[in-house]
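Visitor: Following the hints, put chain B in place on chain Y, whose structure we already have.
There are 2 protein chains.
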Amino acid sequence: MIESPMQKAVCLLSGGLDSATSLACARAAGFETYALSFDYGQRHRIELEAAARVAAHLGAAAHQTIRIDLRAFGGSALTADIDVPKGRRTEEMSAGIPVTYVPARNTVFLSIALAWAETLGSADIFLGVNAVDYSGYPDCRPAYIASFEAMANLATRAGVEGISRFRIHTPLIELTKARIIQLGLSLGVDYSLTHSCYDPVEGLACGQCDSCLLRLAGFAEAGAADPLRYAGRG
Amino acid sequence: MIESPMQKAVCLLSGGLDSATSLACARAAGFETYALSFDYGQRHRIELEAAARVAAHLGAAAHQTIRIDLRAFGGSALTADIDVPKGRRTEEMSAGIPVTYVPARNTVFLSIALAWAETLGSADIFLGVNAVDYSGYPDCRPAYIASFEAMANLATRAGVEGISRFRIHTPLIELTKARIIQLGLSLGVDYSLTHSCYDPVEGLACGQCDSCLLRLAGFAEAGAADPLRYAGRG
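In order, the protein sequence lines correspond to chains Y and B.
Each residue of the first sequence is one higher than the one before, counting from 1 in this note's numbering.
Each residue of the second sequence is one higher than the one before, counting from 235 in this note's numbering.
Everything labelled a hint here was simulated from the structure, so no lab data went into it.
Virtual Cβ for every residue (Gly too), placed ideally from N, Cα, C.
One or more hints might be untrue.
Label pairs and their computed distance ranges (CB to CB) [as the list claims (entries may be wrong)]:
1) B/299 with Y/59: 35 to 43 angstroms
2) Y/146 with B/426: 27 to 35 angstroms
3) Y/59 with B/240: 47 to 55 angstroms
Extracted from the complex, chain Y is given alone in its bound form (with noise of 0.2 angstroms):
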């Protein structure tokens, strides 16, 4: 008996919960998985060293760290001098789209990922955007994703030879946080290898910033411990 061979999926992985979670389900989904991660010029750069912890941990067959310097542009909280809103309320979160936006990002990651996908014969990409994130970012939206699937499809020698269909999966985008944590736990993922913190204070993560803040709140919902260490609470 031969066994087919397992499709390939090309997950992004920032080394947070959300794509941590991602890539879980990639692999739940019966995915050989390969793990993509970005230097990009973020001030929060120590997620690449979580983002490696996960892909080890998830069994990612592969995992990629593309550098590519958004500093060079700047236009955001997280990749200009510009300070990263901290203690701010839910409403606060939710009103408008936040400074730490950086331009096209996903545009530029998902590209990428498009580029590694084409190039694996891949034609799967797992993406961690959730309801709380699409509330802010233009391109967390259903109707991005759903324009970029359409994008790729025609950009691809695969859109020509009419070989496959590439599909930007994103088993999150209707979730809050709290059911995120709940399924990715129900997966075995350990959440203390996962950094979320934009602003690390020393290597930990600061507990103040919208990132730690739905993080916390997203864990008490979800009735489970926060395995991370923050600063300043010991």
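Guide: Below, chain B without anything else, positioned relative to chain Y:
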């Protein structure tokens, strides 16, 4: 009298004949131009020097070269150790997708152009794709360009806030190489500054790869002399 500020356009500039002409079109259309080049591990890296010369010659307000290592993925004669075809007839060139196709290259380049445009407050991107290219490269076809434009308008702040609409300008898309050359000459492009060869020999164009052959045939058909020096042609 206060002059209204010039509108900005991001212009993809490889250093080749087509992108130089496309940049000249953006200038002729009244845009302040921001030239964008990529150091992506291409074997004809010498084109980046041509890009810098062309950006200066055509009065670009700025020129950025972004490094991104597409060699990490391979998959093309331009980025991996695959031979560049030489001495092909036009019929051979137009049969199928050439091995010089770089997976998702225009998507990656346009995405990064979009990131810069959004940061600059520009809604216009110029790309020098044309009828000769789109017979072979999937990501040069008009349907692909229209699809990228639709995606770009969902991907960004502009799409959410309804401030402006991104346009991907492809002024050469319907033109043959000969018509592009005639257009560029009429706009004052100095083609001695450009570089087209995929596989240069000691800094000189090889005269035998698809790109050199199309360029030489284009100049002949345009009734103009190619000011470049070619290897082995004195």
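Visitor: All hints are to be evaluated individually against the structure, with a verdict given for each.
Guide: Taking the hints in turn, this is what the structure says about them:
Taking the beta carbon of each, residue 299 of chain B and residue 59 of chain Y are about 38 angstroms apart, inside 35 to 43 angstroms as hinted. Separated by about 46 angstroms at the C-beta atoms, residue 146 of chain Y and residue 426 of chain B break the suggested range of 27 to 35 angstroms. At roughly 53 angstroms, the beta carbons of residue 59 of chain Y and residue 240 of chain B sit within the given window of 47 to 55 angstroms.
Taken one by one, the earlier hints fail for this structure only at number 2.
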